[in-house]
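Undergrad: For reference, the chains in residue letters:
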Amino acid sequence: KQEVTQIPAALSVPEGENLVLNCSFTDSAIYNLQWFRQDPGKGLTSLLLIQSSQREQTSGRLNASLDKSSGRSTLYIAASQPGDSATYLCAVEGRYSTLTFGKGTMLLVSP
Amino acid sequence: GAVVSQHPSRVICKSGTSVKIECRSLDFQATTMFWYRQFPKQSLMLMATSNEGSKATYEQGVEKDKFLINHASLTLSTLTVTSAHPEDSSFYICSARQDLNTEAFFGQGTRLTVV
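Heads up: the sequence lines are chains A and B, in that order.
Just so you know, we're using the numbering used here here: the first sequence kicks off at 1 and counts up by one.
Just so you know, we're using the numbering used here here: the second sequence kicks off at 1001 and counts up by one.
Treat the hints loosely; a few may be bogus.
Said to hold, decoys possible - The list that follows gives simulated cross-link-like pairs (lysine-lysine, DSBU-like), each with its CA atoms no further than 30 Å apart:
#, chain 1, residue 1, chain 2, residue 2
1, B, K1020, A, K42
2, A, K103, B, K1041
3, A, K103, A, K42
4, A, K42, B, K1066
5, B, K1041, A, K1
6, B, K1066, A, K1
7, B, K1064, B, K1020
8, A, K1, B, K1064
9, B, K1014, A, K68
10, B, K1014, B, K1066
11, B, K1064, B, K1014
Said to hold, decoys possible - Here chain B is said to cover these stretches of chain A; the calculated rule only asks that three of the stretch's residues, wherever they fall, bring their Cβ under 8 Å from a Cβ of chain B:
#, segment
12, 30-44
13, 102-110
What the hints assert, rightly or not - Examples of chain B residues lying across from chain A (beta carbon under 8 Å, computed):
#, residue
14, Q1006
15, V1011
16, F1034
17, R1037
18, Q1042
19, L1046
20, T1049
21, E1103
22, F1105
23, F1106
24, G1109
Please keep in mind that the hints were generated in silico from the structure rather than gathered at the bench.
Glycine included, every Cβ here is placed at the ideal spot set by N, Cα and C.
Sequences are here, hints too, so could you generate the full structure?
TA: Here's what the structure looks like:
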């Protein structure tokens, strides 16, 4: 059974810092990995999708990497802003197109 | 990105009553929709997968008679929580995708409180 772990569970940084969120998964047989953002009481916003054949994806200040063989992904956020404060979820897609989620990293960026 | 609309965003109901949650894909046809449940400080847990026109596939431990899923069209899926109990109080989120290997887009979620 696939398990997804995210470290750290919570992170607090001052505005402007670069930061890295970590995601690991136990079964490397994945089709893709997706990073989401969740604001309190809200749904999910897809940030980046990395196919299993890719090593990284970039969107604006966000860069996500994938090392399928070691079961790891990182989300790099450059020049963090208070508006980046949210919970970041990583999810891997396995068989039957289902997603397995981590518990998330709660990020707080203070002005 | 594509838009998935979920309604209602919040609902409070009495124990024993039923609640229906709608999930619509607004600008694409979703062959597959997923329903998740999220308890406080927990991961999203998949409840069931539904393909348009066929019966939903439920995850282990999810009661199919309690959580009725209907995916009658390519743009609409509904989740009905029947005979709701306080332990069913949770955050329910739907997800839709056009086909395999495309992004999954999520609704805004529904906060269900059963009193």
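Undergrad: What are the numbers of the hints the structure violates, in ascending order?
TA: Violated: hints 9, 15 and 17.
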